[in-house]
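> The residues making up each chain are set out below.
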Amino acid sequence: MSEPAIVQRAIDGLGRRLAKRLTQSLFLALALLAALGTTGFALAKTEITFWYAWGGSEGEQVEELIAEYNASQDEVEVRGSFVPIGDGERILASLAGGAPPDLLTVWDWMVVPLGASGSLLDLSAELAEAGIGEEDYLPGIWQYGSYKGAKYGLPTTLNVYAFIWNKDVFEEAGLDPEAPPRTIEELDALAEKMTVIDRRGNLRRLGFYPNVTSIYFYAFGGQLYDPETLEVTLDHPRNIAALEWLGDYYEKYDINLIRRFQAGWGNPASPFNPFYRGQIAMQEGGQWEVRFTHEYAPDLDWGVTTFPAPEGGRPNVAPVQSSFWVVPAEAAHKKEALEFLLWLTAPEQSAGFAAELANIPPRQDALEMPEFAQTVTPHMQTFIDILLEGYVFTPPGLPVGLYLSQQLNQAVVSVQEGEATAKEALETAQQNVLHELEKYR
Amino acid sequence: MAKAPTKATVARHSQQIAVSSGLTKRQRRDTWLGLAFVSPWLVGFLVFTIYPVIASLYFSFTDYNVVSDPRWIGFRNYTDLFSDPLFGETLYNTLYLAVLGIPFSLILSLLIAMLLNNKLKLQGMFRTVYFLPSVVPAVAAALLWRWFLNPDYGPINEVLWQVGINGPGWLSDPRWAKPALILASLWGVGGSMVIYLAGLQNVPTPLYESAHLDGANAWQRFRFVTLPMLSPVILFNLVMGIITSFQSFTNIYIMTGGGPSNSTMVYALYLYQNAFQFFRMGYASAMAWVLLLITAVALIAIFRTSGWVHYESRS
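As they're listed, the protein sequences go chains U and H.
First residue of the first sequence? That's 1 in the working numbering, and the numbers climb one at a time after it.
First residue of the second sequence? That's 442 in the working numbering, and the numbers climb one at a time after it.
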């Protein structure tokens, strides 16, 4: 026998032996698994998986809640893991792959697109059965995350935007620090007085910086869509009026100078936040500023009020955003996940969690819980009042999700670049969104 | 008349096949054994590369939001592409970065490679220094460049101001953002530089010596010896440059996110947005196939016109 043949035979033998071994071990493993399934597993608690979206101390707070729930009963064991929402690839993959967690945290704009395509459980029947309804939630919040009568999730904790101003800068400019603008004309006049340009011709301070465009659409009396009929109304005449006003602003202060200035701004969650440093005198800010200023700018003197509005507009807009807790339609333990969700959103838990995140709990009864009420500062109280008394609006709950926001941004950009008038830009956006929505009819 | 095959005819038949494919029984078994040994890779390749590629072709003809079933819509994604102004804009931005960026990086890396090919003191150190940026993670490099290019406190504008120029807004100015990205990308020429260096060291010294004897000056030696000998390497770097440039994503995602005013919104970035933010996976798949087509056309054009490439083995 030649040498290669010997080697060959050795390999063949090895292959056969290996195959035999593998088969044997496979059978053994299967037998063991079967044995375990009938005995050991029966004693274990039902394990439910929960993806939450907070790291750091906020994540620790969630883990504490999970531990508390696990200790409170011996039916289920909640296993939490920190999965940042990011841009959603991992969440999409888990839903599309049919192996999602039992409870999941997503951004508000994902709720209706995912729900309408059948990936999320409609909670309305279960919530009704548990006796939870519109009256338990803050005004304007119950509809949030619903679509055509189905309720695809519950908001975690709320963020609300209001108009904030830096009193130190007002004083420095010789203005009354207790007199924020009430009308658009006043806002324009104040913005001009506080804007500073340096010897290089660059901006040193912006009197006013509009960032979230849609807020001004609503303040002018417009709307992105009709929450009742679900009709998209990007080209609403009041939206056009608001975008024209914004367009004038970008032209007056030169959008490229603003962008250049913006490039030098520091991280908002740091002492280098441009508002804290007086680089911006007036802007929109969320209730998280209460926590942030306490941490990063303790000496800052600032105020909170409702957004200024033109005549015939809405002087009390309360833009609200939140992340959501949702149960995937293909979750392995839907019933258990729902039970845990009901516990998690009960007033005690909700109040403590919102306080930890410096957010506002979405439930009426949670607002009064000492866990939250004790943490409310005067600034926070103003934010809460604006939310309770204002015209609450949330990002459109439509299956086109972020596409609508992108089209809106695109419209703003074309106005900034002088490529289109406000009317043309919004009409284009409207057409594109309607075209995209056709897919969901 | 067809007869039912008997055992014997089948055996003969398979023998014929074995003979016609030039393999003995043993060789065939070896082939199967070999395939079995590489099967982990084969399965991975089929499942994770070939299948997604083919699936994406199918998805490009559907309306597909990942979580619900794809719905066949024919060519609508493709026709939508041509009425989507952002498609044209992102394509333009991508081509701009490629057409201006690739020649710059090809020339710069060749220049550096030629300098570093000289017998210098500390030659090894210089080579390391020029190569180092290519091993810095893309995200870290992007963050660093964002600081360099910062209009207010970045060192580049500070130097410009020292000579009396109020530097541009760079990444924050739609007119300067693309040139700024090209500038930043030149930092990573170390990769192609190393390939040039290897190519340069393969040029036989006798060629230079005889050119020298014939009275060729430095430029002529470069033009008629170095360049032709290096042309396959240049072609390689050009092809790789086109492929990576058409797919550029990470540095732009970090540095500008596509802004300002979509001036740096490149094709891959817009594709990503459609797929994972707008849940338009069908549309994104169509975009991917159009990009593949464009890349293929560009590469075919380059290979067709590659008469300038000199292959030593063929001459």
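Careful: at least some of the hints might be erroneous.
[Unchecked claim] To give an idea of the chain H side of the interface with chain U (calculated C-beta under 7 Å), a few residues:
{"id": "1", "residue": "Thr503"}
{"id": "2", "residue": "Asn506"}
{"id": "3", "residue": "Val507"}
{"id": "4", "residue": "Asp510"}
{"id": "5", "residue": "Ser575"}
{"id": "6", "residue": "Pro592"}
{"id": "7", "residue": "Asp593"}
{"id": "8", "residue": "Ile597"}
{"id": "9", "residue": "Gly610"}
{"id": "10", "residue": "Ser613"}
{"id": "11", "residue": "Phe719"}
[Claimed, not checked] Label-pair restraints from in silico Cβ distances:
{"id": "12", "chain 1": "U", "residue 1": "Ala99", "chain 2": "H", "residue 2": "Leu476", "range": "26 to 36 Å"}
{"id": "13", "chain 1": "U", "residue 1": "Glu228", "chain 2": "H", "residue 2": "Gly698", "range": "26 to 36 Å"}
{"id": "14", "chain 1": "U", "residue 1": "Ala99", "chain 2": "H", "residue 2": "Leu561", "range": "50 to 60 Å"}
{"id": "15", "chain 1": "H", "residue 1": "Ala639", "chain 2": "U", "residue 2": "Glu419", "range": "46 to 56 Å"}
{"id": "16", "chain 1": "H", "residue 1": "Ile741", "chain 2": "U", "residue 2": "Asn409", "range": "35 to 45 Å"}
{"id": "17", "chain 1": "H", "residue 1": "Gly698", "chain 2": "U", "residue 2": "Arg90", "range": "16 to 26 Å"}
{"id": "18", "chain 1": "U", "residue 1": "Phe82", "chain 2": "H", "residue 2": "Ser747", "range": "15 to 25 Å"}
{"id": "19", "chain 1": "U", "residue 1": "Lys439", "chain 2": "H", "residue 2": "Glu753", "range": "49 to 59 Å"}
{"id": "20", "chain 1": "H", "residue 1": "Pro673", "chain 2": "U", "residue 2": "Glu295", "range": "29 to 39 Å"}
{"id": "21", "chain 1": "U", "residue 1": "Arg90", "chain 2": "H", "residue 2": "Leu733", "range": "55 to 65 Å"}
{"id": "22", "chain 1": "U", "residue 1": "Glu419", "chain 2": "H", "residue 2": "Leu668", "range": "17 to 27 Å"}
{"id": "23", "chain 1": "U", "residue 1": "Asp385", "chain 2": "H", "residue 2": "Arg512", "range": "26 to 36 Å"}
Rather than coming from a laboratory, the hints here were simulated on the basis of the structure.
Glycine included, every Cβ here is placed at the ideal spot set by N, Cα and C.
> Looking only at beta-carbon atoms, does the pair Ala639(H), Glu419(U) fall within the given range of 46 to 56 Å?
With a Cβ separation near 48 Å, Ala639(H) and Glu419(U) satisfy 46 to 56 Å, so the hint holds.
> Is 17 to 27 Å respected by the C-beta to C-beta distance linking Glu419(U) and Leu668(H)?
violated (45 Å)
> Report holds or violated for the interface hint on Asp510(H), using the least CB-CB distance to chain U and a cut-off of 7 Å.
Given a least distance of 9 Å, the restraint on Asp510(H) is violated.
> Between Asp385(U) and Arg512(H), does the beta-carbon spacing fit 26 to 36 Å?
This hint is violated: roughly 47 Å between Cβ atoms.
> Please check whether Lys439(U) and Glu753(H) have a Cβ separation lying inside 49 to 59 Å.
holds (57 Å)
> Determine whether the Cβ-Cβ distance between Arg90(U) and Leu733(H) falls within the hinted range of 55 to 65 Å.
The hinted range 55 to 65 Å is violated for Arg90(U) and Leu733(H), with Cβ atoms some 26 Å apart.
> The hint names Phe719(H) as touching chain U; please verify it with the least Cβ-Cβ distance against 7 Å.
Where the cut-off is 7 Å and the nearest Cβ of chain U is about 4 Å from Phe719(H), the hint holds.
> Given Pro592(H) as an interface hint, is its Cβ closer than 7 Å to any Cβ of chain U?
It holds, given that the least Cβ distance between Pro592(H) and chain U is near 5 Å, below 7 Å.
> So, Asp593(H) near chain U? Judge it on the closest CB pair being under 7 Å.
OK, holds: Asp593(H) within 7 Å of chain U, min 3 Å.
> Under 7 Å, Cβ to Cβ, is where Val507(H) needs to be relative to chain U, so tell me if that hint holds or is violated.
holds (5 Å)
> Just to be careful: measuring from the Cβ of Ile597(H) to every Cβ in chain U, is the smallest value less than 7 Å?
violated (12 Å)
> Restraint: Gly610(H) near chain U, CB-CB cut 7 Å. Satisfied or not?
Hint holds; Gly610(H) Cβ to chain U Cβ min 3 Å, cut 7 Å.
Of the numbered hints stated above, those contradicted by the structure are hints 1, 4, 5, 8, 18, 20, 21, 22, 23, listed in ascending order.
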